[in-house]
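Sequences are here, hints too, so could you generate the full structure?
Spelled out, the chains give:
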Amino acid sequence: MLPFILRRILFMIPTLAVISVISFAIIEAPPGDYLDAYVDRLTSQMQSVDPSEVEALRARYGLGQSWSVRYWRWFSGVLQGDLGRSMEWNQPVAKLIGARLPWTLAISVTSLLLVYVISIPIGIYSASNQYSPGDYVATLIGFLGLATPNFLLALIFLWLYFLWTGNVAVGLFSDEYIIAPWSVAKLVDLLSHIWLPALIVGTSGTAGLIRVMRANLLDELQKPYVMVARAKGLKEGRVLVKYPLRIAMNPVASTIGWTLPALVNGELLTSMVLGLPTLAPLFVGALLSQDMFLAGSVVFILSALTLIGTLISDIILAWLDPRIREAI
Amino acid sequence: MTLLDASPENSTLETVPVKEEKLLVASQWQLIRWKFVRHRVAVLSLIVLILFYLAAIFAEFVAPYAPGHYDADLTLAPPQAPHFFDNGQFNWRPFVYGVTSEYDINTFKTTYTIDESLKYPIHFFVHGDPYKLWGIFESDRHLYGVEEGTVFLFGADNQGRDVLSRVIHGGRISLSIGLVGIAISSLIGILIGGLSGYYGGVTDVIIQRIIEFLRSIPTLPLWMALSVALPPTWSVVQVYFGIVVILSLVGWTGLARVVRGKFMSLREEDFVMAAQLNGSTEIRTIFKHMLPSFYSHVIASLTLSVPGMILGETALSFLGLGLQAPAVSWGVLLRDAQFIRVLASSPWLLLPGALVVVAILCFNFVGDGLRDAADPYASI
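Chain order of the listed sequences is C and G.
Quick note on the working numbering: the first sequence kicks off at -12 and runs consecutively.
Quick note on the working numbering: the second sequence kicks off at 16 and runs consecutively.
Honestly, the hints are just simulated from the structure, not real lab data.
Hints may be right or wrong, so weigh each one.
Now the stretches of chain G that chain C is said to cover, found in silico as 3 or more residues with beta-carbon under 8 Å [said to hold, decoys possible]: (1) 221 to 235; (2) 335 to 349; (3) 355 to 365; (4) 375 to 384.
From the derived model, a few chain G residues whose C-beta atoms are all more than 12 Å from chain C [unchecked claim]: (5) S42; (6) H98; (7) D144; (8) K277; (9) M279; (10) R282; (11) Q291.
Computed beta-carbon distance windows for the label pairs [unchecked claim]: (12) G:S132 / C:L150: 27 to 33 Å; (13) C:P108 / G:D119: 51 to 57 Å; (14) G:V260 / C:I299: 32 to 38 Å; (15) G:N173 / C:G85: 35 to 41 Å.
Please read these numbers as outputs of a predicted model, since none were measured by experiment.
Quick reminder that beta carbons are idealized off the backbone N, C-alpha and C, glycines included.
Written out as structure tokens, the structure reads:
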């Protein structure tokens, strides 16, 4: 098991390096460097700019040097936890991201749990009651869930929420808990709010997983060993749980790999529409105002976290299925 | 017993072989078509999609108004439903009731009432806003419209423009972006997947790593960041192609995997070896012998990747990072619905979203149907 984990971590290093290059390319993408933008902003605010100060800053950030030097300067900073400085907020990027990342993670993790909690029982029901009315309803919901963009679903929920309660924002806490210190009551309040965005974020994942679960289980149910189990006189429920379900679960566990990127995408859009204090509004704001250190860092953090999530899912999968441990 | 033996039992027996014979001599595409047609939902979806695309191609003619046509008195006016019954009497010609607006000085609110005394019959092929179809044909005929008053079947937006007309015009961008996008990503996908599957070895390992990488990172942040990098001076057409390229740079991986898998299995087939032994070049072997045997799989896989492109464009434009306001796409239209107070009083602004859902559902169904039909020899 340990060699497998080590090998996977080693595989991750080049991928992380590529992601860092892409993120740095994003930071450098807009024409001009960020000091030009800084000077522009100061002059537009009628403030005087000292050319020698600009030159000093230029030297400090290595802006006159080649791409690779600048990249290395940035990346070694990232490794030490220094992600650069946001121009728009005039704060360190790491601090800005650190304040909002926990909410993004909370929504994504809750969403991932909901996806599995909802889709596995529905998938099992659909497969064991093929062509029943319930199966058709599940299939229909599955198709609709795949076809509805997250932000549209979020808009519809927000609209219904507004019609029912008159509130314009969903939020993660009730008013009295927003600034309250952490307590059990606050946690309960958070849980009573977070399920809605998590559900919206997970819709397409749930829809996809219902289809995977149903197809896998249907394949297994047709195999001879199921017939043998039935012939032995096992009850239908026991047959299902004891044999085919275990085998059908493995591909489901491996889908975490493609569920995670979809979750990150969904979380961005849903939080934008619902106005949640996650990375999403920060990221979109940074892109629109060309605050590229912030934007590039968000891309880097989100991609890196997705990779780590995939790594964890791979380890769980290897732990579930010895064949995978040996194969890779 | 010969075939000429025309006894009654034989004639009934002969009908069965004739049908089977039809199956045996049918070309692969005929078999695929027969199998696809049996998938009712897929056929229905295909018809809906064809209607969508026809409406988008002939947008100027199908839409009753130009996308910029506005009526300042009717901002956020509710949809006017077509009626067939007038005082309990059936009319063949549908009509809409007029809408009158009333501005309340105290609340600064405009309220709209359906005025049943005003009736505007809907005519077909009426004269309306002049247009130039595809920049060539000048006309002012519209598929339907009213001679006086207004016909806003989907209601009006916050500038008093017909939402349905704008949806039809917006379909031109939103629906075409999927097709142009898969045209580009299919080129990349077939080329790279083909190289990977045909050569195998180190090439294959490197390409597979790249594909795994692209599939393991979240695409939306990347798309968003790249679309910001498009120069702000670009025209609508340039931004459109920029977005298509951005979407397809990430979208080719699914197809590349299908193509690679097929190449891997076909490489071992006898007919490929026969072609090679006959001295056909590599390029000729790939394009003349191997590709035609799985075109149907490629088409199915492409159909299933269109929805991702449409969703990508809609999401980017909705966030304000894709196409911008004077251009009309479904995502741009949905931007009007993002302010919850506006949305609560005028929920018809979500109708463009309903069309996105219908279009994507149809592409998924057609894709599923094609995938099942792609291998007609599986169970016939």
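Hints, one by one, checked against the model:
A stretch counts as covered by a chain when three or more of its residues have a beta carbon under 8 Å from one of that chain; for the segment 221 to 235 of chain G and chain C the count is 7, and the coverage holds. For the segment 335 to 349 of chain G, the proposed coverage by chain C is satisfied: 3 residues have a C-beta within less than 8 Å of a C-beta in that chain, meeting the threshold of three. Only residues whose beta carbon comes within less than 8 Å of a beta carbon in chain C count, and the segment 355 to 365 of chain G has 6; three or more means the coverage holds. Counting residues of the segment 375 to 384 of chain G whose C-beta lies closer than 8 Å to any C-beta of chain C gives 4; at least three are required, and the coverage claim holds.
With a least CB separation of 30 Å from chain C, G:S42 remains clear of the 12 Å interface cut-off, as annotated. A cut-off of 12 Å between C-beta atoms confirms that G:H98 is not in contact with chain C; the least separation is 27 Å. For G:D144, the shortest C-beta to C-beta distance to chain C comes to about 30 Å, beyond the 12 Å cut-off, and the non-interface label holds. Taking the minimum C-beta to C-beta distance to chain C, about 21 Å, the non-interface status of G:K277 holds against the 12 Å cut.
With a closest Cβ-Cβ approach of about 17 Å to chain C, G:M279 is found to remain outside the 12 Å limit, as its non-interface label requires. Listed as a non-interface residue, G:R282 keeps its Cβ farther than 12 Å from every Cβ of chain C; the least gap is roughly 22 Å. At the 12 Å boundary, the C-beta of G:Q291 stays outside the reach of chain C, the nearest C-beta of that chain being 32 Å off. With their beta carbons about 31 Å apart, G:S132 and C:L150 fall inside the hinted range of 27 to 33 Å.
The hint said 51 to 57 Å for the Cβ distance between C:P108 and G:D119, and at roughly 52 Å that hint holds. As the Cβ distance of G:V260 to C:I299 is approximately 34 Å, the hint placing it in 32 to 38 Å holds. Against the hinted window of 35 to 41 Å, the Cβ-Cβ separation of G:N173 and C:G85 comes to about 39 Å, which satisfies the hint.
Hint compliance for this structure: no hint is broken.
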